[in-house]
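For reference, the chains in residue letters:
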Amino acid sequence: MCLSTLAKIAAVAACMALAPVAAAAQTYPSKPIKLIVPAPPGGAIDILARLVGERLAVSMGQPVIVENKPGASNNLGTDLIAKSAPDGYTIGIVGGSHNIAKFLFKDLPWDPEKSFEPIVYTHVVPLVFGVYPGIPAKTLPELVAWLKANPDKAKVATSGRGSAQEMAAEMFQMTSGAKLVMVPYKGSSQAHPDLLAGRTALYIDTISAIKGHVKSGAVRAVAVSTAKRSAALPDVPTAAEQGLTGYDANTNGGILAPAGTPKPIIARLNAEINAILKMPDIAAKLEGAGIEVQGGSPEDYAALIKSDLVKWGKVVKEAGIEPE
Amino acid sequence: MDILTNLAIGFSTALSLTNLAYCFVGVFLGTAVGVLPGLGVPATVAMLLPATFALPPVSALIMLAGIFYGAQYGGSTTSILVNLPGETSSVITALDGHQMARQGKAGRALATAAIASFFAGTVCTLLMAMFAPPLGAMALEFGPAEYFSLMVLGLVASIVLASGSILHALGMVVIGLLLGLVGTDVNSGAQRYSLGIAELTDGINFVVIAMGMFGLGEIVANLETADTRELMIKKVSGLWPTREDWRRIRAPILRGTLLGSVLGLLPGGGAALASFGAYALEKKVSRNRAEFGHGAIEGVAAPEAANNAGAQMSFVPMLTLGIPSNPVMALMIGAMVIQGIQPGPGVMTEQPTLFWGVVVSMWIGNLMLLVLNLPLIGLWVKMISVPYHLLYPTILVFCAIGVFSLSNTTFDVQLMVLFGLVGYVLKKLGCEPAPMLLGFILGPMMEEYLRRALLLSMGDPTTLITSPISAVMLALAAILLVLVLLPSFGSTRREAFQDE
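Protein sequence lines correspond, in order, to chains A and B.
First residue of the first sequence? That's 1 in the working numbering, and the numbers climb one at a time after it.
First residue of the second sequence? That's 1001 in the working numbering, and the numbers climb one at a time after it.
Any given hint might turn out to be false.
With a straight-line cut-off of 20 Å between C-alpha atoms, the simulated DMTMM-like cross-links for lysine to aspartate or glutamate are [claimed, not checked]:
id	chain 1	residue 1	chain 2	residue 2
1	A	102	B	1350
2	A	186	B	1291
3	A	278	A	292
4	A	106	B	1202
5	A	228	A	324
6	A	317	A	248
7	A	215	B	1202
8	A	106	A	324
9	A	153	B	1141
10	A	102	B	1141
11	A	114	A	241
12	A	186	B	1432
13	A	179	A	235
14	A	102	B	1460
15	A	69	B	1141
16	A	69	B	1199
17	A	186	B	1224
18	A	153	B	1460
19	A	83	B	1199
20	A	186	B	1244
21	A	211	B	1350
22	A	106	B	1350
23	A	186	B	1002
24	A	106	B	1185
Everything labelled a hint here was simulated from the structure, so no lab data went into it.
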C-alpha cells in the first residue's frame, strides 16, 4: 500500500464518476433513431430526410426511422421535436418556415433558437424571378422600372402567408421600392397557370418548380434570389449582381435535436451527416430536386438561424404582417 | 397531337405489366364492392387512398378508377340475381333484371348488362379522347374568375340533381362549405374555426370526412336493416342473348350510352342519375312499353349502358378542369394532390402519360370486367353471403388504419368517428352526404378563386361578368336555380326520382 495505489484508486474513482456521460456517448446509438419531418411526404425536407436517413442508418449502425408529422404549417412536428427527450434518439429536420414562424404565430409553443440544439445546416433551395414573357423587361432593373411604371399591373404571385415565395416578394418590394400587389396561391402548381397567362406579372419561385417553364420559354428567368448563382441556372445573374444590393432570399434548412442533447452526440451526428452530404450521389440526387447541399459545424447552423431570424423579422415588420 | 397519338401514349402506359396488374386489382375490388350491398365505392376508394401513397400516380389512379367503374358491373350482378342492388346506380336494373332472372333468363340478363356496359365503356373512351383535348386547350383562358363561376354552377347543379329534398341538399352543401372553412386563411394566415386545436389549423382532411360519413356512417346505418339476403339463384345458364334479344337491345344501349355520357359530365350527375334517366326514357319510347317491370330486356340494357357511361364520363371534368362531379371524383382529386399533381387543365399537357394512361386503362378495364364477370358469376354470388359480422369489423379496422396513416395522429381517427356519427344522424334525417362533400371540396376553392379574382381585378367585381366564359356559367347557374323554383319543374324532378 503506497501512494501509487492510492493514486490508482483515485483515478478509478474519478473514472467512475465521469462514466455515465462518457458511456452514454460511447454506446450511442444503442437503439433506433427517429428523424421527424414536420411536413408531408414529397417536399424538400422529406426527400432530404429519406436520403440522409438511409445512409445515417448505415454509419450509425442503428435503424433511422423517418417519421412525417405534418400539420399546422410545420408547427406541430417542430413542437414534437422540441418536446422530445434530449437523448439523441429523436432528431428532426426543418425547412425555411423554421426561421419565419416566430413572426407569424402569436402562441408558438417552441422557440427557433432556445428549444433546439442545431446539428448541421443541410441545404438551401434558391428561388428565381420568373416573369411573364409578355412583359418587355429582360433584366431586373428593367423589371423594377416596368413595375413602377405600371402599378395597376404590378401583381406578384406568392405561395401564401409565410412562404419563402412571399418573403422573397416582400423583400423585393422593400429593396426595389416598387409597389406590388401580392396575390396568394396554394403553391407553385396553382400559381403557374395565371403567370403563364399573364394575369400575374412575377412569381419568385423555387428553381425546381419553375425550371420547366423557363426552359420552354413560357416564363422568363430574370434573376436568382440567392447571393450566389445557382448551378441549375448558371446563366441567370443574381439579384445582387443586378444592383439589388443585399438581396438574398431563399428557403434553407437543417437537422437539429431538442435543446439539452449532449454535445458529444451532437458532434457525432454532425460528423456523420457532413460525411453523407459530401457523398457525390447524394448531392447529385438532391441537385436534381433543386436542393443545394450545404454542411458545416453546429455553430455554423446556429449562426445562420440567428441571422435569418434578424433578416425575416425585419421583412415581416416592414411588410406590416401581424402575427395570428 | 391527334387522337391516335394520344391513344398510343395511353396504350403504351396502360399496357405495362404493373399498370395492367393495378387495373385488374381495381376492377376486381370494384366488382366485389359492387356486389356487396354494405360497402360503397366512396368508402372503398377512401380506404385505399393511403395505400396509394407509395404507388406511381398513374398506377394509383388506374386502380382507383377501376374500383369506380368496376362497381357498376358488380352492382348489376346482385341486382339481377338476388334483387339486391349493391350500388344506387343499379337499383333500376333490379326492376326488370330480377324479373328476367325469375323467368329463368338470368344468364341473358347478366350478359346483356355486361355487353351494354362494355359497349358504353368503349364509346366513352373514344368520346373522352375526342373531347378532352379541346377542353384542355381552353385551359389558359380559365382564370380565377372563370373557375369561380364554374364552381358556382357545379354547386347549383349538385343541389338540383341531388335526389330527395332540394332543401336538404342545399343545407348539406352549406354544411360542407362551412366545414371547408375550418383552418388557416390563405391570404392572411388567420385561423378560422380551429378552436385552438393545432390539428385543425390545416383544415379537416377530406379523407377523414369521407371515411367517417361514407364508411362508418353507412355501416352503422346498414346494421339497422335486418339481414335479409336470400340466395334464390338456380344455376345460371344460357348466357348468350338470342337473336331477338340483340335486335331489342341495340337501340336502348345506344340511347343509354348517349344519355349517360351527357349526364355524366354534369356536376352531381354520374352513374345513378344516368341509369334512372335512361330507364325513364326507354319506358317512354320503347315499343315493348307494357313489358317494363315484368322482365323487359330493354330495361336492363339501357340503364346498364347509361350507368357505365355516366361513371366514365364523370372523369372528364375531373381530369380536364380539376372539378369533381361526385364524391368519388373528389377523392380522386385528393389522390392526385397527395401525389403532388395539381388537378386542372395542366394535367393533360404536363402529364400526358397519366391522362391518357388512365383513359385507355378504362377501356382495358372494361374488357377485363367482361371476362371477369361472365365466367366468374358463381364466385361473385358466393360473395354476397360473406357474413357481415366479419366484414364490418374488418372495414372499421381498415378505416382506422387508413386515417391514422394520413398524418400519424389519433386526432384524425377520433374526428372520423365523430363524422361517422354525424353521417348516421344525417342519413336518418334523409340528408345525402354527397352534396356536403362537394361543398366541402369546392367551398374553399371557390373562396380562394373569388378572392384571387378580386385581387387581380384590383377589387372590381364586374370581372365576373366581363369575362364571357364566367358570364355564361353564372347565367346557367341562375337559370338552373330559377327552373328548380318553378312548380312544374319541381314535380317533374320528383317524378324522375320517384323510382328510387
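Results for each hint:
1. 102(A) with 1350(B): Not OK: residue 102(A) and residue 1350(B) at ~37 Å, beyond 20 Å, violated.
2. 186(A) with 1291(B): 56 Å, violated
3. 278(A) with 292(A): 12 Å, holds
4. 106(A) with 1202(B): 16 Å, holds
5. 228(A) with 324(A): Given pair residue 228(A), residue 324(A) is violated - Cα atoms ~34 Å apart, limit 20 Å.
6. 317(A) with 248(A): 17 Å, holds
7. 215(A) with 1202(B): 34 Å, violated
8. 106(A) with 324(A): 6 Å, holds
9. 153(A) with 1141(B): 18 Å, holds
10. 102(A) with 1141(B): 39 Å, violated
11. 114(A) with 241(A): 35 Å, violated
12. 186(A) with 1432(B): Distance of about 30 Å is beyond 20 Å: violated.
13. 179(A) with 235(A): 28 Å, violated
14. 102(A) with 1460(B): Violated - the C-alpha atoms of residue 1460(B) and residue 102(A) are around 35 Å apart, more than 20 Å.
15. 69(A) with 1141(B): 38 Å, violated
16. 69(A) with 1199(B): With Cα atoms ~11 Å apart, residue 69(A) and residue 1199(B) stay inside 20 Å; holds.
17. 186(A) with 1224(B): 43 Å, violated
18. 153(A) with 1460(B): 14 Å, holds
19. 83(A) with 1199(B): At roughly 17 Å apart (the allowed maximum being 20 Å), residue 1199(B) and residue 83(A) satisfy the hint.
20. 186(A) with 1244(B): Given that 20 Å is the threshold and the Cα spacing comes to 58 Å, the pair is violated.
21. 211(A) with 1350(B): Given that 20 Å is the threshold and the Cα spacing comes to 13 Å, the pair holds.
22. 106(A) with 1350(B): 40 Å, violated
23. 186(A) with 1002(B): 33 Å, violated
24. 106(A) with 1185(B): 15 Å, holds
Going through the hint list in order, the structure does not satisfy hints 1, 2, 5, 7, 10, 11, 12, 13, 14, 15, 17, 20, 22 and 23.
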